[in-house]
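Asks: Please work from the sequences and hints to get the whole structure.
Residue numbers (this note's numbering), protein chains in the order written: chain Y, 1 to 288; chain H, 1 to 749.
Just so you know, not all the hints are guaranteed correct.
Stated by the list, open to error - Facing chain Y, according to a computed beta carbon distance under 8 Å, are these residues of chain H, among others:
#: 1; residue: Ile203
#: 2; residue: Thr584
#: 3; residue: Gln663
#: 4; residue: Pro678
Claimed, not checked - Derived, one-sided and incomplete: chain H residues facing chain Y with beta-carbon distance under 8 Å:
#: 5; residue: Lys425
#: 6; residue: Glu611
#: 7; residue: Thr616
#: 8; residue: Asp664
#: 9; residue: Gln668
#: 10; residue: Asn669
#: 11; residue: Leu673
#: 12; residue: Arg676
#: 13; residue: Ser681
#: 14; residue: Asp682
#: 15; residue: His731
#: 16; residue: Thr735
#: 17; residue: Pro737
#: 18; residue: Leu740
#: 19; residue: Ala741
#: 20; residue: Leu743
To be verified - If you want the footprint, here are the derived chain Y segments under chain H, 3+ residues with CB under 8 Å:
#: 21; region: 181-190
#: 22; region: 254-262
#: 23; region: 266-272
If you're looking for bench data, these hints aren't it; they were derived computationally from the structure.
We put the beta carbon where it would ideally sit given N, CA and C, even for glycine.
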Amino acid sequence: MRYHTAASFEEAVAIAAAAEGVTRFLAGGTDVLVQLRSDVVTPDDLIDIKHIPGVSEIIRADDGGWTIGIAVPGAVMGEHADLCRDWPGVVEGMELIGSTQVQGRATLVGNLCNGSPAADGVPALMTAGATVSVVGPNGSRTVAVQDIPTAPGRISLSKGEMITAVHLPARAEHAGDAYLRFIPRTEMDIAVVGCAVNLRLDGDVIIEASVALGAVAPTARLVPAAAEALIGSTLDDAALSALAEAASAACSPIDDKRGTIAFRTRVAGVLARRAAGIAYDRAKGASA
Amino acid sequence: MALDDRKTDGFKYIGTRPNRPDGLDKVTGKARFGADASASGMLHGAIVRSPHAHARILKIDATRALALTGVKAVVTRADFATGLTGEDADLLENVIAGEKALYDGHAIAAVAATSALIARDAAKLVEVTYEPLPHVTDVDAAMQPDAPIIRADAADDSVPEGMHPNVVRYMEFGRGDLEAGFAEADAIVEQTYKTEATHQGYIEPHACLAQLGADGRGELWCCTQGHWFVRRMCTALLGLETSQLRVTPSEIGGGFGGKTTVFIDPIALALSRKASRPVKLVMSRSEVLRATGPTASASMDIKIGMKRDGTITAASGVFRLQGGAFPGAPTAETMQCAFACYEIPAVHEVGYDVIANRPKQAAYRAPGAPMGAFAVESALDELCRELDLDPIEMRLKNASREGTRSSFGPRFPRVGLVETLEAAKAHPHYAAPLGPNQGRGVACGYWMNWGGETSVSLAISEDGTAQVTVGTPDIGGSRASMALMAAEALGIPYENVRCNIADTGSLGINEPTHGSRATYASGLATIESARQAIGKLCERAADKWGIDAEAVIWEDGCAKPSGPNAGEFPPLTIAEIAAEMGSTGGPISGHHEATPNGHGGSFGTHLVDLEVDPETGRTTILRYTVVQDAGKAIHPAYVEGQFQGGAVQGIGWALNEEYIYGQDGRLQNPIFLDYRVPVASDLPMIDTVIVEVPNPGHPYGVRGVGETGITPPLPAVANAVATAAGVRLRHLPMTPPRILAALEQKAGG
Ligand SMILES: Cc1cc2nc3c(=O)[nH]c(=O)nc-3n(C[C@H](O)[C@H](O)[C@H](O)COP(=O)(O)OP(=O)(O)OC[C@H]3O[C@@H](n4cnc5c(N)ncnc54)[C@H](O)[C@@H]3O)c2cc1C
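Replies: If you want it as structure tokens, here you go:
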């Protein structure tokens, strides 16, 4: 195994593009190192990207949009008051990851690029409409988060490409988001079901909504039908039932040691209702 | 044994809560655990494990591994003793496979190399050719006529004709007229209950450092509950003379019964012998889960009859336990404890010990008892609901007490079940209000405890302090308890006693710290050793005063003349006598060895409140109270710790812990991420009530307390779930998917 410390994105991309075997970027390493030690993935080239200038910063642009560096750990996001105010759902997804120790290292981009369908940081990024900047041997592009994961453990970046930043749009007024996951314990578990809801109100009426589910399909995914069920409603019982039904209908989960198909399908609806309730309250001004 | 000198009150040190002597080293990271041992020239070992649940081993080719730079030795079964029989043969077969791999994770070969990384790489280069065979992992399936035969010759004569060869032991006992008993009943419950295998989950994985020369003399440093057991097992498996191996235990990061046997130690010794270098072996967590002892899984049929007033009229149970690919599931213990809490006129029990393609079960805290308690205490709760009886009152009505003829035969001596039930009834917890979707569960449990071979020495130092040498590794604070008992007996401050755990070269045989025996048996021997030393101290004083030794008494750490003709002498302190001992007759010490059998059983009653989320089936424990008889709590904080730890492990077993096997017979969850022990944030503070009904078999009344506490939580939680969710789960663990499925079935049906 060759260990590289990249001083710039260009250098990192050059190393990755030239590498012939298994290549991994080392952000927090909380997936990479675990996989290495358990013989799941033994990289031939490991490229540390934490020393690239600017990767540990969270920046709010003049238009209110956010840029989150690729080495920013969950703990730093959780202590960023303005980010928490604008995107509480995104932050709470990230903060659910692991323990205090893991939080000191784990990153949003690592969570996304590890490609787990159960990644806790991802659904709320999707409902927020987040994008990522990607650079590679053939230049750079901007990609919507929902277009990154393609299958369990797989993402749409091609060889030599890497993400350089995450972008969250400016937060509109009267809007809120929330992320909930189901685990049998209170921490240190992988989501059996995850659900993010982001919505915007006009008075009591939901005028924009977005719903994403995790751990119930090969990738985390947006569920437009579930969002439709919310738009135009005041989150009344009928809307909530329609939301739950749409969420459950969007599931195509597997039976495994963590949960059954029937359980995941049913609980996806339950979490959607509960997450929508929290997002709605936040949009109405309740603090996160 | 006759205890001429029992003391059950008026203690000065017993019952106080001083700091533990090992505490500072543990919180500052200085304590040396198994993996902290090292030696110059040391090699590192790694083990090659079977990826198959059941397979014939056709060939092991280590050529490529041995060719790797840094690799010094490879061992296989051929490097161990031959011609072993009985338990030793099973032990060896489990430590390293012979002709067949019997479970996923079974050790096949091992490598020693100059670094842990090289050893790991080399292990991957050992080429093993397997012929996979059909497998079975479920206890009920393993008994079916068409189940694959795991080992054709594992059964003994107890098994009735015509049973599947996977049934390797059969037992049956009972008394009374079952039919008449059931005829008398106003209500009968008859149900099948199942529990899954769980692991002890100790935080410290197994680790050892071994050195064995061509002359057959060796040293072993390891993390164990019982190093004399380790010595006997290792020497048997390697064909050595017992006394030529000295075993020194490290500090131990938990064992719960799982470290009373050997897994890697004989392999490290064999590698060392072959490489002529010390070899260190440390298991990973996955190896621990795949290849050390979880407990047995169980399938049980229970039938109980009860009168309208709550009197139990008859009970029967059929207990099928699977303990891995070897005989030894704790079926007998399950049967012994299942109905032990109650006086039952007619009772009949049948038990099967069944083998399956799983790792060899090892003892786990009250081995066998939690399963039986789950079945019986759940069934009793079902009867209480049917007959509208208060669960504590029903239990009080039937509770075993002094003189009760136990379900398994002997009459109980003085025991404390009634006292725990009364204390639970009076506890504010029992009367606290419950909210929606919440339920309260009650259950009792029993463990008989153990005495066991014990050898202890106590020596007085020149300054009048004392050193206690015991052979029972300290898992739960026992050094503090020994020091308290020695301090009490000698009449010197707790701080003036140091308790050490000796290696096998320093004392006679000691059984492990198991069966809740350390505080009872090593404690008894410590007190007796102190009393012997006191006798000698009194003799020295008598010599000095020129009076008879009988005219000297020991009080508050001093020899004093006593009786009408003793004469007037100022008391001689222990320090004064000790300062002169070199010239008054030499070192002063006491020693006691015995196999004490007055270990009194301990009963407990648990209360739990919990809430079930009706939409997800998720259970939250809200409040938990453990009430248990400790006989006499030597160090109450460590007694409480045992109660709390038992409750927590039982809660895990009830709710989320289980060995999950795939269709391929491989363990699906060999990491703590998916083998779900409760984490701290899952639990409320576990409340404890120590009941003290002194054990007549211990000088200070001690009963072992380590194990009983894991027995009631399984049914207590199940009984609470039945109230909170309105569904009865008879299969543990009660995971959210299982509870939600039961709720949906109820709503649908
Ligand atoms: C104890 C523990 C508990 C955990 N609990 C959870 C949990 O509850 N929920 C959850 O979702 N996850 C959990 N995880 C998994 C992990 O912590 C998260 O997925 C984390 O967000 C990964 O981030 P990282 O920075 O550590 O990624 P790394 O391990 O550094 O990288 C992960 C992957 O992302 C790729 N990568 C990293 N940066 C880039 C980049 N800039 N461009 C392209 N590819 C990149 C790497 O090549 C690698 O494939 C847990 C892990 C541990 C050890």
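Asks: Each hint should be assessed against the structure and marked as holding or not.
Replies: Against the structure, the hints come out as follows:
A least Cβ separation of about 14 Å between H/Ile203 and chain Y goes past the 8 Å threshold, and the interface hint is therefore violated. Interface hint at H/Thr584: violated, since its Cβ lies 59 Å from the closest Cβ of chain Y, which is beyond the 8 Å cut-off. Against a cut-off of 8 Å between C-beta atoms, the interface hint on H/Gln663 is violated, since the closest Cβ of chain Y lies about 11 Å away. At a threshold of 8 Å, the smallest CB-CB gap from H/Pro678 to chain Y is about 7 Å, leaving the interface hint in force.
Annotation: H/Lys425 was flagged as interfacial toward chain Y, and the flag is violated, the nearest CB pair being 31 Å apart, outside 8 Å. For H/Glu611, the shortest C-beta to C-beta distance to chain Y is roughly 13 Å, which exceeds 8 Å, and the interface hint is violated. With its C-beta approaching chain Y no nearer than about 5 Å, H/Thr616 sits inside the 8 Å limit, and its interface hint holds. At a threshold of 8 Å, the smallest CB-CB gap from H/Asp664 to chain Y is about 13 Å, leaving the interface hint violated.
For the restraint placing H/Gln668 at the interface with chain Y, the shortest Cβ-Cβ distance is roughly 5 Å, inside the 8 Å limit, so the hint holds. Proximity of H/Asn669 to chain Y holds as hinted, the smallest CB-CB distance being about 5 Å (cut-off 8 Å). Hint on H/Leu673 holds. Least Cβ distance to chain Y is approximately 6 Å, under the 8 Å limit. The closest approach between the C-beta of H/Arg676 and any C-beta of chain Y is roughly 6 Å, which is under the 8 Å cut-off, so the hint is satisfied.
Because the closest C-beta pair between H/Ser681 and chain Y is about 4 Å apart, less than 8 Å, the hint holds. Contact between H/Asp682 and chain Y, as hinted, is supported at the beta carbon level, the nearest pair being about 5 Å apart and thus within 8 Å. For H/His731, the interface hint is violated, since its Cβ never comes within 8 Å of a Cβ in chain Y; the closest pair sits about 14 Å apart. Here the hint on H/Thr735 is kept, as its CB sits about 6 Å from the closest CB of chain Y, short of 8 Å.
This hint holds: H/Pro737 has a C-beta 4 Å from the nearest C-beta of chain Y, less than the 8 Å allowed. The beta carbon of H/Leu740 comes within 6 Å of a beta carbon in chain Y, closer than 8 Å, and the hint placing it at the interface holds. A distance limit of 8 Å between C-beta atoms decides the matter here; for H/Ala741 the minimum to chain Y is near 7 Å, and the interface restraint holds. Residue-level restraint check for H/Leu743 is violated (minimum Cβ-Cβ distance to chain Y is 10 Å; threshold 8 Å).
With a cut-off of 8 Å between beta carbons, the region 181-190 of chain Y has 8 residues touching chain H; three or more are needed, and the interface restraint holds. Taking a C-beta to C-beta cut-off of 8 Å, the region 254-262 of chain Y contributes 6 residues in contact with chain H, enough for the three needed, and the coverage statement holds. Against chain H, the region 266-272 of chain Y contributes 3 residues with a C-beta closer than 8 Å to a partner C-beta. That satisfies the three-residue criterion, and the hint holds.
Against the hints set out earlier in the document, violations occur for numbers 1, 2, 3, 5, 6, 8, 15 and 20.
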